[in-house]
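Residue numbers (the numbering used here), protein chains in the order written: chain A, 1 to 486; chain B, 487 to 980.
In case anyone wonders, no lab produced these hints; they're calculated from the structure. Remember, it's a predicted structure, so these values are computed and weren't measured experimentally. Do not rely on the hints blindly, as some may be mistaken.
As the list claims (entries may be wrong) - Sample of chain B residues with no beta-carbon within 10 Å of chain A, all distances over it, derived: (1) I629; (2) A681; (3) A776; (4) P879; (5) L911; (6) P929.
Stated by the list, open to error - DSSO-like mimics (lysine-lysine), calculated; alpha carbons at most 30 Å apart, straight line: (7) K480(A) with K200(A); (8) K356(A) with K480(A); (9) K937(B) with K107(A); (10) K763(B) with K897(B); (11) K480(A) with K107(A); (12) K200(A) with K897(B).
Positions of the beta carbon are idealized from the N, C-alpha and C atoms, including for glycine.
Read off the chains here:
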Amino acid sequence: MSGGHVLGALAIPLLGGLLISGCARRPNVREAITLVTSATLFLCVAALLPAVLAGGRPHIQLLEPLAGLPIAFRVEPLGMLFALIASGLWIVNSVYSIGYMRGNDEKHQTRFYVCFALALSATMGIAFAGNLITLFLFYEVLTLVTYPLVTHHGDDAARRGGRVYLGLLLGTSMLFLLPAIVYTWHVTGTTDFQVGGILKTQLSPAATAVLLALFMFGIGKAALMPFHRWLPAAMVAPTPVSALLHAVAVVKAGVFCVIKIIVYIFGLDQLDGSADWLVAVSGFTILAASVIALRADNLKRRLAYSTVSQLSYVVIAAALATPLAIMGAILHLAVHAFGKITLFFAAGAIYTAAHKTDVSELDGIGRRMPLTMGAFAIGALSLIGIPPAAGFIGKWFIMSGAADGRHLFVLAVLAISTLLNAAYFLPVVYAAFFRAPKAGAEMHPHGEAPWPMVAALLFTAGMTVALFFLSANLLHLAGKVVAVNP
Amino acid sequence: MSLALHLPALQVVIPLISAPLAVLVRRGGWAFLIVTAASWAALAAAIALWLATADGATISYALGNWPPPWGIEYRVDRLSSFVLLLVSATAAIVLPYARASIEREIPHAQHYLFYAMFALCLTGLLGIAITGDAFNAFVFLEISSLSGYVLIALGRDRRALVAAYQYLIMGSIGATFFVIGVGLLYLMTGTLNLADMAERIGAIRESRSVLAALAFLTVGISLKLALFPLHQWLPNAYTYAPSVVTAFLAATATKVSIYLLIRFYYSVFGESFVFQKLPLPEIMLVMSIAAMFVASLVAAFQNDLKRLLAYSSVSQIGYITLGLSYDTVNGLTASLVHMFNHAVTKGGLFLFVGCAVAVAGGSSLARLSGLARVMPLTSFGIVLGGLSLIGVPGTCGFIGKWYLILAALEKGQWGLAMAVVTSSLLAVAYVWRFVETAYFREPHASLAGRKEAPPALLAPALLLAGAMLYFGLETSVSLGSAAGAAVMLMAVGK
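Next comes chain A alone, as it looks inside the complex (with noise of 0.2 Å):
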């Protein structure tokens, strides 16, 4: 029965985008499908948390490609929690679709919504992969099928980014992570995630260091420098597929493969050691990103880059390997989600309302747009990490594994990109809200954008905050991940 669900999850995406290719006529109808399958869809998601909790590992497997290596999904807390949030969010974000393709005139609409479907299924195949194989199979997809939205525009600017997006993603995936598995199931003969790993005293320090750098640099979609080029490479996309994909689906697919790996594959007691130089390139990573965020005009590019750097706090946490800083990995995974595809949708609404895409066009323009703002503004507090918003949690857990193992690097890294963090994000809050605008700047009359893309910042802003109060749950699930590591 819970199998089944598994199966449901990807099946509901893939049916709704069959429907909505045949709905191309037909716009209403085509977005009432859009929802009811995102609704539909986490429904199905949600009714498997229950067994999850109470200790239920649903499963099912389905066919077998290669000897020994079937594609099976195996529903663990982990991919339960990143499962909730794709479709949870993809709820939200197809309300903010359809008020972002209508208001902005966008064409191929159709295929818009069909590539986002199967998205969805994949990112659903990647959240209850029960081996690496079925993994590789979906991150694969996953890269493909979010290739027409990265280019969706069609025009040159989009086909340059198209082959950066898909060079990096595919090249890394293929040059790397294939290896990677393969080296896996030579050296284990399996490539099932196991609870406290499948790797146990096969491998040399330095052999499992290496395996460990193929692995998290063949994951492209964690973006650890210096394979990170392609997330603001996608940001020629149409905002919402920015928000949705490139600020949680797929980013999150990267930086949830990467916990996995490290949990399941490597096992906590593992690495010791052996992630010390993944502490030192994420971490590099964190500030490098900063730095570059803060001297990005185009608003969408500056939140490329604090992805890029939000990411590998995920990243950093995880290589510590302790069970603290893996809570820490899976809280920050979760906060940062709500708190960046909210971001997202401000920096969609403003260029659907103003037509904006630079910071520094912003000066006064919260006096407009004051609800777009005001929730740009608690992103923006989640990712410096203040409360009441959500992304203090992620932080203190990450802090609290770094501080417990005496990491003073990471601590200090932490420390100074919070400050980065709040050098690239307050000036922007700032100069919307207590800056006139500019003089001679056009002054044609806006207010906010349409009302279901204010609708849906509004419900991220506010779950952002929600979650700080709620963070009880998180924390229970993310508990049972590293709950039976001892």
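Once you've looked at the hints, dock chain B against the given chain A.
Positioned in the frame of chain A, the structure of chain B alone reads:
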């Protein structure tokens, strides 16, 4: 069941007889029906043989009741039944497509001749796979090659004649080398029966004549299978042949040659001799790697889709021979399963390209710009085939790649594993040339107001597109046969 006993003979005789029948009726329509029916019957026979040998059994059939080694023996084991299945299934799918396709490309008066030649080519390819006799293999090789030259020359572009001529010269050199090799072996062993030859060759294996025979056979067959750098005939032949001929030959001709090479290496000379006493694996390794990189790079700079895919074939053949050069069970499995999967992929790709050519009137990338807006299904099919060439998981191209990497890592050869994945990135480069042309450009003038190709063309292509996905996810037939055959060959090849 006496009929079931004669299945090995029927496998070859049915398509053979359909050829003169097609000439006798002298009508394109009737010839089409006869040859198509024959190809389906051949498919049925191949399925029956495949099932009969699935448990590892070997069927020996004495042609004309002359017992081997004096008479010609047809011998079906897991390997040959796998190849028979591949060849006959391709023919059965491609023939229904041929009717609508040659309508546009070949003058009406020549249609019945086309079908006759097609039937002969099919006969030859099936014959190579089924025969247990070295000289008989040469005869079938010539049947398939000669009819192949004619089929290529039927292309409507005048350059098809030059392409066919080029292939004729290269193919004849290959066939000559082959027959010299067979002659030397006959001289040394006094037999033409492959199984018998294998037994008698043991004592004299390291004589100079046998070595010369091996060299002649290797070069001759390598010409036929287009091993880099002996592939010069292939790009032109694939580019200018009629669409359906390209699809059929790309899926079968080179694959059957690979079968022949494997047969001689493992079942006649013996694995330990070929791969451990001689530097053959090293030579083959270098050629394969060169094919994977050079041909992929060349493909990325082509301006004609058929030629681009032809160079891609050369590079994919490199994958197949690379697996062969590993000389391990997993390496051989990689070779065999990729042989099958690449046939499915390239066959399907060329059928889709044929659809595009039928509508756009040419296969140059310039003419196909904006194709996706006019022919979404065809474009999607080509992209899907391209993904399989890249080896994206979920498509059949992934399976072979997985085993190639696994086999390399088993030997501790990280460099080779990296070579395989790097080469597949080059495939991304050439596949994306089509993607960007078809999806990001305005439609070419010749596409204005056009629609998808008719169902008669589209349906077989879509069937193969489905097969690309099917064999990427459910591999009991493809991988099962390949792995079974690999285990068998490695066991007896010692």
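Here is what the structure says about each hint:
Interface exclusion of I629(B) from chain A stands, the closest Cβ pair being 37 Å apart, more than 10 Å. In this structure A681(B) is separated from chain A by more than 10 Å, as the shortest Cβ-Cβ distance comes to about 30 Å. Once the 10 Å rule is applied to beta carbons, A776(B) is consistent with being away from chain A; the minimum gap is 20 Å. For P879(B), the condition that its CB be more than 10 Å from all CB atoms of chain A is violated, with the nearest at approximately 4 Å.
A cut-off of 10 Å between C-beta atoms contradicts the statement that L911(B) is not in contact with chain A; the least separation is 6 Å. Every CB of chain A is more than 10 Å from the CB of P929(B) (nearest about 13 Å), matching its label as outside the interface. For the given pair, K480(A) sits about 22 Å from K200(A) by alpha-carbon distance, which is consistent with the 30 Å threshold. Our distance criterion of 30 Å between C-alpha atoms is broken by K356(A) and K480(A), whose separation comes to about 44 Å.
Restraint check for K937(B) and K107(A): satisfied, since their Cα atoms lie roughly 21 Å apart, inside the 30 Å limit. Restraint check: the Cα-Cα separation between K763(B) and K897(B) comes to about 18 Å, which is no more than 30 Å; the hinted pair holds. Between K480(A) and K107(A) the alpha-carbon distance is near 45 Å, which puts this suggested pair outside the 30 Å criterion. A hinted pair counts as satisfied when its Cα atoms are at most 30 Å apart, and K200(A) with K897(B) qualifies at roughly 22 Å.
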